[in-house]
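Q: Here the protein sequences line up with chains E and W, keeping their order.
Residues in the first sequence are numbered consecutively from 7, following the numbering used here.
Residues in the second sequence are numbered consecutively from 7, following the numbering used here.
Rather than coming from a laboratory, the hints here were simulated on the basis of the structure.
Treat the hints loosely; a few may be bogus.
Because identical chains cannot be distinguished in the list, a pair is counted as satisfied if it fits within a single copy or across any two copies.
[To be verified] Below, simulated DSS-like cross-link-like pairs (lysine-lysine); rule was C-alpha separation at most 25 Å, straight line:
no., residue 1, residue 2
1, K168, K150
2, K436, K390
3, K33, K63
4, K313, K66
5, K136, K749
6, K580, K251
7, K150, K140
8, K746, K436
9, K308, K390
10, K406, K312
11, K76, K279
12, K150, K580
13, K279, K33
14, K76, K567
Just so we're clear, the structure is a prediction, and the values are computed from it rather than from any experiment.
Protein chains: 2
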Amino acid sequence: MAHDTSFTNQEFKVVGSRPPRPDGLDKVTGRALFGADTFAPGQLVGRILRSPHAHAKIRKIDTSRAEKLKGVKAVITSRDLPDLTNGNRGNFDILENCMARDRALYDGHAVAAVAAIDEQTARKALKLIKIDYKILPHVTDVDKAMAADAPIVQPHIRHDDKPSNIANVSEFGHGDVDAGFDQADVVIEKSYLTEQAHQGYIEPHACLASVGPDGQGELWVTTQGHFTFRNVCASLLGMDIAKLKVTSSEIGGGFGGKTHVWMEPVALALSRKANRPVKLVMTRDEVFKASGPTCSTSIDVKIGAKKDGTVTAASATLRYQDGAYPGPWGMLGAMTSWACYDFENVKSVAYDVLVNRPKVTAYRAPSAPMAAFAVESTMDLLAKEIGMDPVEFRIKNAAKEGTRASYGPTYGPIGIGPTLEAVKKHPHMKAKLGKNQGRGMACGFWFNFGGQTCTDLNIGVDGTVNLTIGTVDVGGSRASMSLIAAEELGIPYERIKCNVADTASLGHNDTTVGSRGTFSSGMATIFAARDAIDEMKERAAKAWEIEVEDVEWRDGCAHAKGVAHSNLAPMSLKEIAAASPTTGGPIAGHNEVVADGAGVSFASHICDVEVDPETGFTKVLRYTVVQDAGKAIHPDYVEGQFQGGAAQGIGWALNEEYVYGEDGRLQNASFLDYRIPVCSDLPYIDTVILEIPNPNHPYGIRGVGETSIVPPLAAIGNAVSNAVGVRLNHVPMSPPRILKAIKEKQAGL
Amino acid sequence: MAHDTSFTNQEFKVVGSRPPRPDGLDKVTGRALFGADTFAPGQLVGRILRSPHAHAKIRKIDTSRAEKLKGVKAVITSRDLPDLTNGNRGNFDILENCMARDRALYDGHAVAAVAAIDEQTARKALKLIKIDYKILPHVTDVDKAMAADAPIVQPHIRHDDKPSNIANVSEFGHGDVDAGFDQADVVIEKSYLTEQAHQGYIEPHACLASVGPDGQGELWVTTQGHFTFRNVCASLLGMDIAKLKVTSSEIGGGFGGKTHVWMEPVALALSRKANRPVKLVMTRDEVFKASGPTCSTSIDVKIGAKKDGTVTAASATLRYQDGAYPGPWGMLGAMTSWACYDFENVKSVAYDVLVNRPKVTAYRAPSAPMAAFAVESTMDLLAKEIGMDPVEFRIKNAAKEGTRASYGPTYGPIGIGPTLEAVKKHPHMKAKLGKNQGRGMACGFWFNFGGQTCTDLNIGVDGTVNLTIGTVDVGGSRASMSLIAAEELGIPYERIKCNVADTASLGHNDTTVGSRGTFSSGMATIFAARDAIDEMKERAAKAWEIEVEDVEWRDGCAHAKGVAHSNLAPMSLKEIAAASPTTGGPIAGHNEVVADGAGVSFASHICDVEVDPETGFTKVLRYTVVQDAGKAIHPDYVEGQFQGGAAQGIGWALNEEYVYGEDGRLQNASFLDYRIPVCSDLPYIDTVILEIPNPNHPYGIRGVGETSIVPPLAAIGNAVSNAVGVRLNHVPMSPPRILKAIKEKQAGL
């Protein structure tokens, strides 16, 4: 059934309010069940043996001693996860990343696994597995990996007709950049580096898997997309999709890192072999080494402008380090790099480069923060060079409705201009700065996605409502969807209970990525609610013995239209629900939709820092996020997303990085050595929500979850550079790097 | 949406086959999760303190010492389950039965409960609860309870303007029985007793409850109706229906005994008070004493007939012992007693009588077996008296299409005549009998119910199908529904996976009672599948760019109709599913229905026994069940129901009974002393499935689960009487009772 998805500028009664979050109490009292919090009778403990080498041939695996250990119920290697991918290389990469075949491709790559009656036995069994490795040369640096003589990570990948670590080349843009640069009064060209960062979710990957010899299975797992996990695991293990039931637990942070299977197929294979349920929980060390962090990058940016601030050309060359398996990361970097601006001549070329590091996966607006760091730093340099205020410079060049985006489409109504105008007027911009202090600002862009979405809505006889969604709640979707259902049905928020269904109980939902949760489940919820309203109108019409066309729904009641029916008192949802057992049975609404028309999202951030010139330590003094939400369904959560994205961006900008040794091994795989910001590291992050409706959503919703991680690297880079008088071009801008930059400046280098 | 529910005599391709049961492997390998098989972090052990008295005033409960015991997290009494029933006496009875208020009404009545960190602590805590009882006079016998001077169980109940144990009087019938008896050549009048029996399910009641202080809760429970449990528990505890999520476990037998809440509200109240999950598992002793067995009865039957076998009048007075709370049991006995026959003058009057025994609940065709024992024994006596073959006598008087049933309605096409004709022709009837051996036969009737039912069907991208039902699978509904969905969709059975949804994921489903599962979920499954087919036809029409009216669905494929489209190759479900992500998203079908038009079900049983005249021990030599199934969806399960009902009836007929002492306490609350038949007690039970379609179901389905327990008491009674030459009128016909009857005959009494 086709539904009208266009925005209607209605007055909201419930949407936009800030009721308590439905999962809050469970989470603070410990009742909430996360990935490791379920148990099955007879469950075993799974543990994975991982390569200690960055790159090695696996000549032989001897599991015989482990198998003989008392209490060991299954030992598996890649033999137990045979290749069923039928030449689908993407699926094969996922399979091989879950369990190495002839080679271990990075420090931490899984090579075998055991299931045993307890943790101690499992650990002991791992030690009894003997592997004959032949160590191979490795490469972990993105620029070095592009060199002609670099060790090759994936021999099947070719570039320029040779085996290469360059997996993809992506190019976007329009106009003639060479001609544009010729027209410029000033051209700035600069190179940037960003280091690899991890999403740093508090909850490690964890699951409980159970597979019977009849090919039916269940998986309880912390994930952003249990339907996707189902399809991928079923495909890798040769199961029917319908016969693998996946339930998503509460999720202790995902940020893109839980969009992908890591050890779940291993847990299923262990369970299948042991014929017992298997619990598999990754340690923090494993999470760092063998789940999917984001790329490190090496980026060159060149921008030319006239003295009046008109940018005449812009180009970027972006190198994204994908780990051992290719991804879309370079493409996303190339697409997002210039998306904030309306440039006549613009180009970006991106390379996906393989190295001996873990397979990269999404991290909140993946690839955009690094590109923005390079672009927005260079924009500041250029503004300075032509003597223009950096905000005015950006306003002059900002994309607007009708702009042809550098990555192709033509924008509808968008928020980059309004966020910049809001920044310009914000008191933060006029606050005084002290010694060693600097202010920076930067812009950011992120796509939103829509995708496949299903929602069911069932009304109980007491008029309370079960709303069933399939997009995992990573950022408040249960609260937001309840608000939307309450708005549509015209009943209080408190009467709705939203649950995330397991895969057996609802149609397929794409993973909660691309800031799609509120947009897409919001759309499906609106249509499901309207479906239920249609049914309730039918019931009222039947009770009143009038035509259903003469019934309208408002304020939670069926109303008979027209003077002819003025004797008919409105019939409330509660009354209709109470009567339902004898008027046709349970009242439900359903919707399955491919949610098209997702918006684009823009933000502008302001940041004040103080840098200690003695130590290079940077303190963030003040931080303001201005972002377009389309429509803020539950403003608390929107602000929370703005703040959370900024906090993660600040951590990445100043401290977080993967440190690899010469041996290709990760040296800081713990929260002690990989330091994410804690509360005392951060100021209160101020937020300004703008609402420029997405014309393709009934409520005008845009995604809000990711964009706010895009500007911080650049905003802080600009602030630090303004504070210390020297341009920082390497993220994280940790104390040693800042000190080095200050000293080089002092030495006149 | 209205659907056509009438029977269409189609040729079935999948329905009627016998594929392996989908839950079989899980059940035999131990993977299946029953009521006690789930766990939550921090869960407590709940235990209930029960009255040791048959009837006592509770003067005071002192829980202070128990509360102080280390490891005790909650102690509750009726104060913690306050009366929120607003004068709804039915709900109050449920509440009071879960936790006694001012009086304990039977041996085993719950009076307090604890939740503690482990079993030992919980048991210790129970011992520390001090209760000041004042013992009151009690009554446990149904006939004694009707006496004018009997102790009164429920003082609010009045009969003939006086406090009474007679809770309900139900009367059915038509014609003039007095005039009818006057026309009779022979009148037989006889009284019968049946003792109280328990369903004897192997799995005790068990649940895991978790309620937070925000009023949201979850319940994992072994039940026949998790949606009903949800509504009842939410109502008793003052929760919103939508905020209590109930998941039904696998069920280790129910037979009506798991249609009702017993300790589930107690577990929820304990969890709410302790703010921790609470696991509560009843012991076998508790199951016998404090769950709901079936009634004991005292029944008088009078039948008059002409010498040619025409029955001129029949009347019955039936006294059903309901335990401490009134139920519909007398009414059901009165309704079913004469339902097999076409009598001109017929009457039944039934009394629901309260005693100090546990609240009675449904046991497979509740109330019918006792009435059938009395009626069918008397029918045999009458046949003998007029010298007519008992089968011929029944055939002559059997109800048929157009008969006005004794309980009101006029029958459509029914199966009693055909089952009797099948019995007449069955080789069993001609087999030779030896010394001390006897043959008996008897008929039985049971209603079928329909009720509220919801089904969802979701198709995965690989073309496998998740079918989501809400009727708990007590007798194979997952297999049967998968067959039905496969039939409708035109795909193999193996491509369907049927799950029983939790209450958060599907609309309300009435409890699996009244043999309604296959009838009602079958109907909803057919309509949900057709809903999905409509969507697939739309997709095909769109792909082919033709009108959807020109698409038909057959053999698992969309076909373009007509010569104009003969170039279009059929498009299979698998192909349509694979394309679905880009053709409109996930494909689903939904249905919510009140399944009206349930059939009625009849059976005739034949039984051979040998009675040892020295010991009174009866061995069942041969047993044949002939029953009308309407349509046998999965014949294995239908036969299993026939056999299971017969087995339970045989146990009840020969051995099972509640034995109360003079003190009103149950003396045999264990499987050692309450002996259900084991495999070696039973012959192979032969089955004959007749298929007389129910005109009100698309597939002609009737319920099959209950009727087969109705005839055995009488069939065995008739066989034993034929073997020993003396009429047995007291069930169970245990060795002492048979010996006594033989001795009384020998003594000429």
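Q: Hints the structure violates: just list their numbers, smallest first.
A: 3, 4, 5, 8, 12 and 14
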